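Protein chains: 10
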Amino acid sequence: SSIIDRLPSYSAALFEAKTAKRLTFEDIARALGRSEVAVAALFYGQARASPEDVARLTELLGLSPETNVAAQMMGFPDRGRAGPMPPVEPLIYRLYEIVQNYGYAFKAVINEKFGDGIMSAICFHSKVEKEVDETGSSWVVITLKGKWLPFTRF
Amino acid sequence: SSIIDRLPSYSAALFEAKTAKRLTFEDIARALGRSEVAVAALFYGQARASPEDVARLTELLGLSPETNVAAQMMGFPDRGRAGPMPPVEPLIYRLYEIVQNYGYAFKAVINEKFGDGIMSAICFHSKVEKEVDETGSSWVVITLKGKWLPFTRF
Amino acid sequence: SSIIDRLPSYSAALFEAKTAKRLTFEDIARALGRSEVAVAALFYGQARASPEDVARLTELLGLSPETNVAAQMMGFPDRGRAGPMPPVEPLIYRLYEIVQNYGYAFKAVINEKFGDGIMSAICFHSKVEKEVDETGSSWVVITLKGKWLPFTRF
Amino acid sequence: SSIIDRLPSYSAALFEAKTAKRLTFEDIARALGRSEVAVAALFYGQARASPEDVARLTELLGLSPETNVAAQMMGFPDRGRAGPMPPVEPLIYRLYEIVQNYGYAFKAVINEKFGDGIMSAICFHSKVEKEVDETGSSWVVITLKGKWLPFTRF
Amino acid sequence: SSIIDRLPSYSAALFEAKTAKRLTFEDIARALGRSEVAVAALFYGQARASPEDVARLTELLGLSPETNVAAQMMGFPDRGRAGPMPPVEPLIYRLYEIVQNYGYAFKAVINEKFGDGIMSAICFHSKVEKEVDETGSSWVVITLKGKWLPFTRF
Amino acid sequence: SSIIDRLPSYSAALFEAKTAKRLTFEDIARALGRSEVAVAALFYGQARASPEDVARLTELLGLSPETNVAAQMMGFPDRGRAGPMPPVEPLIYRLYEIVQNYGYAFKAVINEKFGDGIMSAICFHSKVEKEVDETGSSWVVITLKGKWLPFTRF
Amino acid sequence: SSIIDRLPSYSAALFEAKTAKRLTFEDIARALGRSEVAVAALFYGQARASPEDVARLTELLGLSPETNVAAQMMGFPDRGRAGPMPPVEPLIYRLYEIVQNYGYAFKAVINEKFGDGIMSAICFHSKVEKEVDETGSSWVVITLKGKWLPFTRF
Amino acid sequence: SSIIDRLPSYSAALFEAKTAKRLTFEDIARALGRSEVAVAALFYGQARASPEDVARLTELLGLSPETNVAAQMMGFPDRGRAGPMPPVEPLIYRLYEIVQNYGYAFKAVINEKFGDGIMSAICFHSKVEKEVDETGSSWVVITLKGKWLPFTRF
Amino acid sequence: SSIIDRLPSYSAALFEAKTAKRLTFEDIARALGRSEVAVAALFYGQARASPEDVARLTELLGLSPETNVAAQMMGFPDRGRAGPMPPVEPLIYRLYEIVQNYGYAFKAVINEKFGDGIMSAICFHSKVEKEVDETGSSWVVITLKGKWLPFTRF
Amino acid sequence: SSIIDRLPSYSAALFEAKTAKRLTFEDIARALGRSEVAVAALFYGQARASPEDVARLTELLGLSPETNVAAQMMGFPDRGRAGPMPPVEPLIYRLYEIVQNYGYAFKAVINEKFGDGIMSAICFHSKVEKEVDETGSSWVVITLKGKWLPFTRF
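Respectively, the protein sequence lines represent chains A, B, C, D, E, F, G, H, I and J.
Using the working numbering, you'd call the opening residue of the first sequence number 1 and step up by one each time.
Using the working numbering, you'd call the opening residue of the second sequence number 155 and step up by one each time.
Using the working numbering, you'd call the opening residue of the third sequence number 309 and step up by one each time.
Using the working numbering, you'd call the opening residue of the fourth sequence number 463 and step up by one each time.
Using the working numbering, you'd call the opening residue of the fifth sequence number 617 and step up by one each time.
Using the working numbering, you'd call the opening residue of the sixth sequence number 771 and step up by one each time.
Using the working numbering, you'd call the opening residue of the seventh sequence number 925 and step up by one each time.
Using the working numbering, you'd call the opening residue of the eighth sequence number 1079 and step up by one each time.
Using the working numbering, you'd call the opening residue of the ninth sequence number 1233 and step up by one each time.
Using the working numbering, you'd call the opening residue of the tenth sequence number 1387 and step up by one each time.
Calculated from the structure, these hints are not laboratory results.
Every clue listed holds true.
Footprint (simulated), chain E over chain F, 3 or more residues, beta carbon under 8 Å: (1) 794-801; (2) 853-861; (3) 866-875; (4) 883-893; (5) 897-909; (6) 912-922.
The model shown is predicted, which means the values in this text are computed figures rather than measured ones.
Note that CB positions come from ideal geometry on N, CA and C, so glycine has one too.
Starting from the given sequences, assemble the full structure and let the hints guide the process.
Given below as C-alpha cells:
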C-alpha cells in the first residue's frame, strides 16, 4: 500500500502546501525554531505540534484556519505506522542495517561508558547534517542524542 | 538462544582476555587507532581486523600466537547475525524504534539536502560519546556518518 | 526449545541452590532488600546484580565463591530472550493479551493525564501482591510503576 | 493503516462527541461509575456497554438517540484488533517490553505465591494513576488486578 | 527439530517406562484417577503432577525413586512449547483448522447463550472418546469443558 | 481491519435481519434442523446452505427473494478467512490455546485408541452446550466429533 | 539447520544401509509391496511401517534385529517436520508454487465435479512416474489420489 | 479480505457470465480446447489467454466485445496472489499439507529416477479426474506433469 | 491485493498511454537514452525521472502537460513496495531463489576478488538481453553491475 | 546460529583444505573447468559434484581418499539452507534488494522481450567479473543467464 494510507489525514494537506509554497524543511524548521527532522516527523504524523507550531505553520503554509488540520496536529500522535519493518525503502533500510550490524557494539560501548541502562528514544533529539570532505565527496551525518536512563534497582 | 551461539568462535576468547586484562574498549581502541564502536564490532564478529590490528590485539590481550584467533579475525565477517530483529534487548530496541518512528523523516530531510540516494552503511563510521548537561544529566550521543551515494542514472 | 537454552549459564546454578536451600523468592528478596519480581528477573538473567546482591546471594545460596556465577551476575544482562513472543505460556500470554486488548485504552488515559510521552520500562519497578476478597477468592495484583517521560521538543 | 480502520464504526462518533463536549475520560468514567481504562476501552471497541452505560453516554455526549451507536455498543465486542502486535506505538511497546523482559519473573513469583494457574485477564480490572515523587517527577502507576484461576485437575 | 528437544527432560524417561511396561494411557489414567488427556499432557510436560500422582506413577512405571523425575513433575510446567504453531502434524492441524473455520461461530453461539465472556482453558477439562456408528465407522469425540468466565465490569 | 471486510457480502444482510427479527441462533437452528454452530458458521460464510436452508432462511428472516443472498449462500464457501491466526479475540484464543497446550496429548491418546490417522474436520460436527454445576457456576461444553480417518497404506 | 536434525533418529541408519547395499527406493518398494513415495516417506519419518514392512526392511537392509530401529518405525510418526515451509529446496518449492498458483483453480474444478468438500491427504496415495516424449524430453508425472470427503451437514 | 480483492478486475465479469450462462468449466474447457484447470486458472487471473481463447470466451460467455476484458486477459498475468500461504481454505490446505509431508519423499524419488534437477512448474500441465472405486466411494485424482529440468553444470 | 494498489498514482497513466501508443520499453528507453530496466522501474515508481525524462515522456506518451504526473515523477521515489517478499510471482521468485541458493557463493567469490565490502545496489545499473543458442533455445541474460564499496576502517 | 551449522558436514573440510593449500576459487575453478560461482556453491553444499570434480578436488585439496567427503559431494544437494531470508549479510542483502526494487521492472522487460514465462534458475549459469572504470573505481559485474521457459498452454 502507498505510504499515504498509513499517514494521518492532515499529512497530505501539509505536503501539498509545502510544495505549493516551495518551502524546504529547513525553511519551516527555522520558522518554528525546531529541527528539520522534527518538522519532517510532524509532517509524517510522528511528532506533536504545539499551539505555537500550529499558529506559525498555518500562517507559513497558508492553511485555512477553519480546517481541522491544526486541531489534529495537536492531538497525541499514533506513532510508528509510517512504514513497514523491516524497511523496504533503501535509504531507511541502511539505518536498520546499522542497528542490525552494530547493535551489540553500541550496547557494549554504552554499557562500558554509562553502566546498565538505555539511551532514551523519547527524551531524544536528532539532526541531519551535510559534510563535504577534501575530495569533494558528500557525507551524511546523523546525530542521535538521547538521555541516559539507568535501570532502576528495585 | 544465548548470544554466544550466534557469534564466531573467537569472540569468547576475546571477551575473556579483555575481562582478564581489565581492559576497556576505549583502551583497546586507543591501542589500535580505531573507534570503540569498531573495536566492539570486531569482538562481536561484525568487522574485519587488519594484520596490524591482529598483531596489536594479540599482544595487548595476551592471545597465544599459535591459536587461530588471529587468522579468523582476518577472514571476511558473516555480518548481521549477532541478534534477532526486531531486537529484544531494550537498549538496541530503542535504536530500532528511532528508525521505525523517524525513518521517513530522515529520508525526507536527506532527500531535500542531498537528492535521490542513500547514506552508505558500508563507507561509514560511527562513534558514541557522553555529554553531561547543566543539570548533571548524562546524554548518549551516537554519530552515524556515511558517504552520500546518489542513485546512478541508467 | 527448553527455556534453559535461553538463559545465561548461571541461571541453572541459582535455581538449583534455591531449591536445595528451600528458599522462596520472598526470602531472597527480603535478604537482598529488593522486590521479588526483581529477584526472579535476576534468576532469569533479566536484571543486573550489584556487588552487595552477589555477596548476599553467595552466602544465602551457598554458592562457591570461586565459581564465576558472581562475576557473570554483575555483567550487563542481554535482556529479552527468556521466552518467545507472542508468549506460549498461558500465564504470560494473559499479560500479553492485556497489552493487546487494552493498549490503546492505556495510551488514551495516560495521554490525557500526562501529555505526550511514555511510561518508562527502565526507570521502572513492579511488584506482585495477593488479595483475598470477601468471598474467599484470590486475586493477583500486579503494579507497574514507571517514570513519566515526555517527548522532548526538538 | 490508520487506527480508524481497525475500530468499530461507532468509535469515531464517540471520539468526536467527546472532543466537542470537551469531556475527559475521567469525567465520563465518573458519570458511568466505571474506570477510565474501561471507558477508553469502550471507545476503542474493546469493552461492552451496559444499557445504563449507553443511556448515560447518550445523554452526556449528546448522541442522537436514533443512531445505532447505542445498539452497537451493547453488542459483543470483537476484541484485540485495535493495534498491531508487536506494538509500534512507543507507549504501548513499553508495556509489551515489560511482558517480554519480566514475563518469566512474574510467572515464577505468581507460581510461588499462588500455585499452578494464571491471573485472569477476563475477570480483571485495571486503573491508571499518577504519582509525583519528592523530586517533582511524575510516575505512571498501572494496576492490573485479575482473579486467580488454578488449573483444574482432571 | 525433533519433539524431544522441546520437552522437559523427564518426558523421555516416562515414555520409555510406559513402553517397557506395555501400559496404555488408559491404564495409567485409571491408576491415577485422572483423564487420559491429562495423563498424556503430563507426559508431554503440559500439566502438573500432584504428590499422589508421582507416588503412583513411580510405582506403576517402576521409576527409580532417587531420580529427580518426581521432583520435576511437581514443578510448575512451562506450557505451550510441545509443538510449533500453526501445527505441522496433520492430526493436530485438524484441531487448529476447526478453530480457524468455526472460531467466530463458536463465539457467536457462546455469546448468545452465556453473554460477554470466555470459556476458560484453565478451569478446564477434556476427554477423548470413541464411537462406532451403525455403519461400523469410528468417530473421534473430543469434549472440551471450561468454566464460563464473564468479563468483569470495571 | 474489521471482521466485516473478511466476510462474504451476504453476511451483513443475514446479521441485520436476525437482529431485526430478534431471532437467536437456537431459533434458526431449530427451523433449519441444523446445529447452532452450523448456523452461525453459515452466517460467517464458513458453511454452505442447501436449497431447503435457503428457502427456510428467506422466509424466517424475511429476505427479499430477488436478492442474490440465496444464490450466494449456495455457492462453495471460501473458508478460513473470518479471522486472523493466531486469534486476537480472547474467546477464540482460548480454543487456540487448548490446541497449543494439549495438541500432542490429544494425538497420543487418539493414536493409542484408534491407530495412525486423524479426526476429520470435514466429516465433522460440533455443538455447544451449557451446564450449570452444583455450585451454580456455568460451564461451556464444546463437543467436536469427527470421523476417524486412518492413513492409507500405499 | 541440516535436515538430519529434523528427522527421527532411525532415518540415518536407514539411509546408510540403503547406500551400503546399493538399493534404490524402487527395489525396496518392490520388496515391501509399497509405492516408492511411501518408502521414501518412511525413510524420512513421515509414514508408519507395519510389522511386515519392518521384517522385510530389516532383512533387506541388514539391520541388526536388536536395534530399536524396528520398534521406532512402528511408532506413530510426528509428521510434517522434515523441512521448512515455504520450502527453500528448489524441487520442493516448485510443488509449493503449484499450490500457490493453481490452488483456487483446483478448488473451483473439484467443487464443480464433486460438490462441497475436500480431497483427503490421509486416505491418500501418490506415485511418481517418468515419461519421455517424442522429442526425447523427460517429464515428471506425479499423481495425487485422495478420497473425496464431503462436508457433513450438521 | 475477500478473494475478489486479490483477483484482476476481469475475474468478476467472467464468473458472473459463467453463472448466468450456466456453463461449467468442463463446457468452457471443451470449447477452448484447454484443460479445466487451465480454464479455472484463467478465471482467477493465473494464466494467460491467447487471442483464440479470448474470441471463443467472448462468444461463449456473451461478453461485450468493446469491454477491455479481452485485452486484459491477454496481458501477462501477475501470478501467485489469489490466496494466502499457508492456505486457510481446507481444500487447498490439503494440497499444501501433501507438499509439507511428502516433499522430501518426492525429492528423493525424483532424484533417484531423474538425477539432480527439478520438475518444472512452468513447462507444466495438470488435470483433475474423478474415479469411483468398487465400494462406490469417489476419489479425486490430480495429475501434475512437468518437464524434467536438470541443473546445468557451469 | 492487486499490484495497482501498491504503485504511485501516476503508474496507471503511464501504462495506459504506453498501451494506447503501442510503445515498447525498448522504444521508450531509446527515446530517453536510458536502459529498458530503468524505464520499467520508472513506470513502477522505483526510479526517479529527470526533467528531460519527463519532457520526452510527456511528448512520447502524449501526456497532458497540465497533469501532475510530471511533477510526481520527479519526486523522490518511495522504493521497494511494488510486490511482496518473498515474491509470489514465478518470474520474480526465480531471481529470489538465485539469491537464496547462490548468495554465499557470490559473497565468497566477491570477497576473494575484491576484499571486504559490497556491490552497491544504488550506484548500480542493469540490463536484460536475449541470446539464442545454437539449438535455437532462448536465454535470458541479466547483467547486474554495481560499484565496489569497501567497508571503511574506523 | 553460525553458518557452519547450516552447511553439510563436508563444507568445513573443503574450506580448511582450501585455506591450508592457499588456493583461490579461481584456481579451483580452473582445475575443474567450472565457474568460480559454481565452485563456491559446491563448497557451500548448493551444487553437485561430478565424479571428475571429486577426483580433481581430492587431488588438488589433498583430501584423504578414504574419507566420505567425495561420496557426500556426489549426493543430491539439499539446497537453499545456507543463510536466512531476508538475508542479514549486507553483501547478500544488496542482491535481495535488487530483486525487491527491480523485480517487476525485470518482469515487464522480460515479458515484452520473450512473452509469458520465466528465466530458469536451474538451467542456469552465472559468473562474477571485476571491471575498473576510467576513474580507477572497481565495479562488480554479476551475470545471470537462464534458459527461457514459456508457460505451457494446457
